[in-house]
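Enquirer: Chain residues, written in single-letter form:
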Amino acid sequence: MFVRIFQNAIRKNNLCSQPLVIKNIAGAGGTIGSRTARDAEADGHTILCLHDGIYTAQHYGNADWGPADFEPIAATGRSGVVVAVEEDSPYSSLSELMQEANQRPYQLVYGTNLGAPNHYSALFLQKGKPGAKFRFTQTGGGAKRLAQLKGGHIDLTGFSVAEYQQFKDAGIKALASLGEEREPSFPNLPTAKEENIEATHSLIQFWWAPKGTSKDKISYLQNLLKRAMVTDEIKDQFKNLHMEPIVYVGEDLIHAIKQRSKRLQGITLEKPTPMPPLEWIVLIVAGVCVFFAYRENKTV
Amino acid sequence: MIDLFASPSILGLVLLGTALGITVGAIPGLTGTMLIALSLPLTFSMEPVNGLVLLVAMYVGAVSGGLISATLLRMPGTPAAIMTTLDGFPMATSGKPGRALGLGVGASLIGGLISWLALWQLAEPMADLSTKLGPFELFSMVILALAMLAGVGDSTRARGLLAGSLGVLVAMPGMHPASGELRWTFGFTFMNEGFRLIPVLIGMFAIGKILQDLTSKDGKVEQVSGNDSAWIALSVWISNLSNLIRSSAIGTFIGILPGIGANIGSLAAYMAAKRASKKPDKFGNGSEEGIIASEAANNATVGGALIPLISLGIPGSVIGAVLLGALIVHGLQPGPLLFRQNPEAVHAIIGTVLVSNLMMFMIMISCAKWISKLSSIPKKILFPLVTGCCIWGAYALNGMWFDVSVMLLFGIIGWRMEKAKLPLAAFVIGFVLAPIAEENLCAGIMASGGSYLPLLTRPISLCLLITAIALIIWKRKSKETNTNHSPS
Numbered sequence: 018m019f020v021r022i023f024q025n026a027i028r029k030n031n032l033c034s035q036p037l038v039i040k041n042i043a044g045a046g047g048t049i050g051s052r053t054a055r056d057a058e059a060d061g062h063t064i065l066c067l068h069d070g071i072y073t074a075q076h077y078g079n080a081d082w083g084p085a086d087f088e089p090i091a092a093t094g095r096s097g098v099v100v101a102v103e104e105d106s107p108y109s110s111l112s113e114l115m116q117e118a119n120q121r122p123y124q125l126v127y128g129t130n131l132g133a134p135n136h137y138s139a140l141f142l143q144k145g146k147p148g149a150k151f152r153f154t155q156t157g158g159g160a161k162r163l164a165q166l167k168g169g170h171i172d173l174t175g176f177s178v179a180e181y182q183q184f185k186d187a188g189i190k191a192l193a194s195l196g197e198e199r200e201p202s203f204p205n206l207p208t209a210k211e212e213n214i215e216a217t218h219s220l221i222q223f224w225w226a227p228k229g230t231s232k233d234k235i236s237y238l239q240n241l242l243k244r245a246m247v248t249d250e251i252k253d254q255f256k257n258l259h260m261e262p263i264v265y266v267g268e269d270l271i272h273a274i275k276q277r278s279k280r281l282q283g284i285t286l287e288k289p290t291p292m293p294p295l296e297w298i299v300l301i302v303a304g305v306c307v308f309f310a311y312r313e314n315k316t317v
Numbered sequence: 009m010i011d012l013f014a015s016p017s018i019l020g021l022v023l024l025g026t027a028l029g030i031t032v033g034a035i036p037g038l039t040g041t042m043l044i045a046l047s048l049p050l051t052f053s054m055e056p057v058n059g060l061v062l063l064v065a066m067y068v069g070a071v072s073g074g075l076i077s078a079t080l081l082r083m084p085g086t087p088a089a090i091m092t093t094l095d096g097f098p099m100a101t102s103g104k105p106g107r108a109l110g111l112g113v114g115a116s117l118i119g120g121l122i123s124w125l126a127l128w129q130l131a132e133p134m135a136d137l138s139t140k141l142g143p144f145e146l147f148s149m150v151i152l153a154l155a156m157l158a159g160v161g162d163s164t165r166a167r168g169l170l171a172g173s174l175g176v177l178v179a180m181p182g183m184h185p186a187s188g189e190l191r192w193t194f195g196f197t198f199m200n201e202g203f204r205l206i207p208v209l210i211g212m213f214a215i216g217k218i219l220q221d222l223t224s225k226d227g228k229v230e231q232v233s234g235n236d237s238a239w240i241a242l243s244v245w246i247s248n249l250s251n252l253i254r255s256s257a258i259g260t261f262i263g264i265l266p267g268i269g270a271n272i273g274s275l276a277a278y279m280a281a282k283r284a285s286k287k288p289d290k291f292g293n294g295s296e297e298g299i300i301a302s303e304a305a306n307n308a309t310v311g312g313a314l315i316p317l318i319s320l321g322i323p324g325s326v327i328g329a330v331l332l333g334a335l336i337v338h339g340l341q342p343g344p345l346l347f348r349q350n351p352e353a354v355h356a357i358i359g360t361v362l363v364s365n366l367m368m369f370m371i372m373i374s375c376a377k378w379i380s381k382l383s384s385i386p387k388k389i390l391f392p393l394v395t396g397c398c399i400w401g402a403y404a405l406n407g408m409w410f411d412v413s414v415m416l417l418f419g420i421i422g423w424r425m426e427k428a429k430l431p432l433a434a435f436v437i438g439f440v441l442a443p444i445a446e447e448n449l450c451a452g453i454m455a456s457g458g459s460y461l462p463l464l465t466r467p468i469s470l471c472l473l474i475t476a477i478a479l480i481i482w483k484r485k486s487k488e489t490n491t492n493h494s495p496s
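If you read the sequences in order, they're chains A and B. The first sequence begins at 18 in the numbering used here and counts up one residue at a time. The second sequence begins at 9 in the numbering used here and counts up one residue at a time.
In short, the hints are calculated from the structure, not lab data. Cβ atoms here follow ideal geometry from the backbone N, Cα and C, with glycine treated the same way. It is possible that part of the hints are untrue.
Claimed, not checked - To give a feel for the contact side, a few chain A residues facing chain B, derived at Cβ under 8 Å:
#1 Asn25
#2 Leu32
#3 Thr48
#4 Thr156
#5 Gly168
#6 Ile171
#7 Gln183
#8 Asn257
#9 Arg280
#10 Leu281
#11 Met292
#12 Leu300
#13 Cys306
To be verified - Under 8 Å between C-beta atoms, here's a sample of chain B residues computed to sit facing chain A:
#14 Lys140
#15 Arg167
#16 Asn200
#17 Leu205
#18 Asp289
#19 Gly407
#20 Ile444
#21 Glu446
Next comes chain A alone, as it looks inside the complex (with noise of 0.2 Å):
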């Protein structure tokens, strides 16, 4: 969705002589787009986009490979995250529900998808209050959460300030933002540092190439977003989706990678709930069903 808004962008500007053709490798929080891309020929032609997840995904250990095993071309674009909980929930403030959060840890159920970006929102909220614990639960993406969130099965969750914004009138009220800044399209909205949680959070869009794209070929790319972003086309886009159109590019860029990768190291991840065996359990209920089918078989 995010690459067809420069595909358009770049086709109806006539910056690239090249068609963008857009390969859309869904499905396992990005790791198989990222393997993909990682493995892909070093000459220029193939390039990946992906937000944070790929920092997350190697942190929670579901990629061996991050960002390390790309060249960095640019970022493009923010998104800030939000808190958000059901409209008639007992907290009106961040600060009190932390202070829940701390006094009764476990207690309260954050709605996430595990090993996302998402998650790590909730893990580095976690961090800007010590002894405070969420009880983690399995929800999805973000129509998911909101469903969720309505029906009173979790008690808070997070959101991007574009799903925030989507699903604000449905019922749901945001408690803070994790930005360093007040949200522009909230000015309302606290910081989760002004209600003296230490935490910050945010989704920035990065595009990489494989390791070993030489210099001009990441130039020229960098040049060809730059230009991107410029449109009138981009500009529009951007607003719709809420996300700040910021570009980093050379050292902002290593500087960004560097903070988000450093970030991360201080997150130590706990031992979740215990999952039911149901892989075990189904294959003994196949190898049972075998037994019969097969005795049947000789009565026939």
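Position chain B relative to chain A; hints supplied.
Expert: Okay, now just chain B, sitting in the frame of chain A:
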């Protein structure tokens, strides 16, 4: 709403979208999701209303088109048409392909219209109701579906269960649906997402069927022939009225639930129809009621899926999620305020469901004669063509050859399973339901801090489980009485 659809350009878009949707729906391997995702960028430059009309029409067409290949070739063009193969194909091979198509198309229309009514009148209260279902309720609902599964096809219980649990096992590799950890991937990244539905499905049904026909020893191939009319008498519809209404209601409701799509909707309706039927043994052998239930329900899921989308901004299906993206790109905010802020967009969506269903019916009925000729294409032309489409479809999904190999592998598995008399439908249902069940059970356990108790203490969940158990006991009972009455 009426003046909107009086414009020829809008009607042209509905016609175009519906026809394209039917086409991709009918081709095994190409899905409506693919079509809509590819068309989405084209709508960026259109007026928002025009873009929405086109996309929604594609959605309706794609769900409907699957019945063509399901009926004539026993290859579901879309996952939504799996259940249609069970009765559509036997009816078509018994010399009534026109009637089978006519029943499917007519039921699709009625299912579409009933869910349109629901969308139009009940959008808000129904969307609210659906949020009451938490992970435990959804898990219990899947258990209920599995309890119904015990009756798929005409095979024995052990074989049905075996096929179902094999399907569940095949769903296991990849990312754990709840914890996000990797399982049974053997260190291969391309296994991280496990086996995807589309390659598995088209492999089992399309490639498997081709292998079966190619290897049948006596050269006898089940051939669809006949040239009967697709017009179904009104009296048939009247006698199936309760089936139509029940199936459409089930389809609409399942469509509302996020993450559960048209395939489950048609499954649930099929099972319910079989339970309610006076002739349950006809199911799987060309039952009219079976075709009607499956097709009414899968079209009804479209209206259902749009209910939470426009009233809450919650997509009820994958395509719903893409449509949500389309709304946002066009600067429209789905949610309760959409009705007030952009009534024309809401009307366009709701109206398109109606108009597109009507056009679908007209296109498919007027082409039915011509479509049913499809099956008289010689196999030596048809098979390479279908195989080509399957490979293309599997590859286009993600641009990965892995998906193509998965499809071919499951072609062989499907062919062998058919030989061993293991029901394919039970396999696919196990495959589709397992991740949903696991995700919700695990999510529930995580939220409850490790306790399974809410399965029994939450009223909706308890009711669903009791119904599931009652179904199993009742089935045993009825089986016993059957065997007592009929000496065999």
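Enquirer: Each hint: holds or not?
Expert: Here is what the structure says about each hint:
{"no.": "1", "hint": "Asn25", "in the structure": "holds, 5 Å"}
{"no.": "2", "hint": "Leu32", "in the structure": "violated, 16 Å"}
{"no.": "3", "hint": "Thr48", "in the structure": "holds, 5 Å"}
{"no.": "4", "hint": "Thr156", "in the structure": "holds, 6 Å"}
{"no.": "5", "hint": "Gly168", "in the structure": "holds, 4 Å"}
{"no.": "6", "hint": "Ile171", "in the structure": "holds, 7 Å"}
{"no.": "7", "hint": "Gln183", "in the structure": "holds, 5 Å"}
{"no.": "8", "hint": "Asn257", "in the structure": "holds, 5 Å"}
{"no.": "9", "hint": "Arg280", "in the structure": "violated, 20 Å"}
{"no.": "10", "hint": "Leu281", "in the structure": "violated, 16 Å"}
{"no.": "11", "hint": "Met292", "in the structure": "holds, 5 Å"}
{"no.": "12", "hint": "Leu300", "in the structure": "holds, 6 Å"}
{"no.": "13", "hint": "Cys306", "in the structure": "holds, 4 Å"}
{"no.": "14", "hint": "Lys140", "in the structure": "holds, 5 Å"}
{"no.": "15", "hint": "Arg167", "in the structure": "holds, 5 Å"}
{"no.": "16", "hint": "Asn200", "in the structure": "holds, 4 Å"}
{"no.": "17", "hint": "Leu205", "in the structure": "violated, 11 Å"}
{"no.": "18", "hint": "Asp289", "in the structure": "violated, 19 Å"}
{"no.": "19", "hint": "Gly407", "in the structure": "holds, 5 Å"}
{"no.": "20", "hint": "Ile444", "in the structure": "violated, 11 Å"}
{"no.": "21", "hint": "Glu446", "in the structure": "holds, 6 Å"}
Going through the hint list in order, the structure does not satisfy hints 2, 9, 10, 17, 18, 20.
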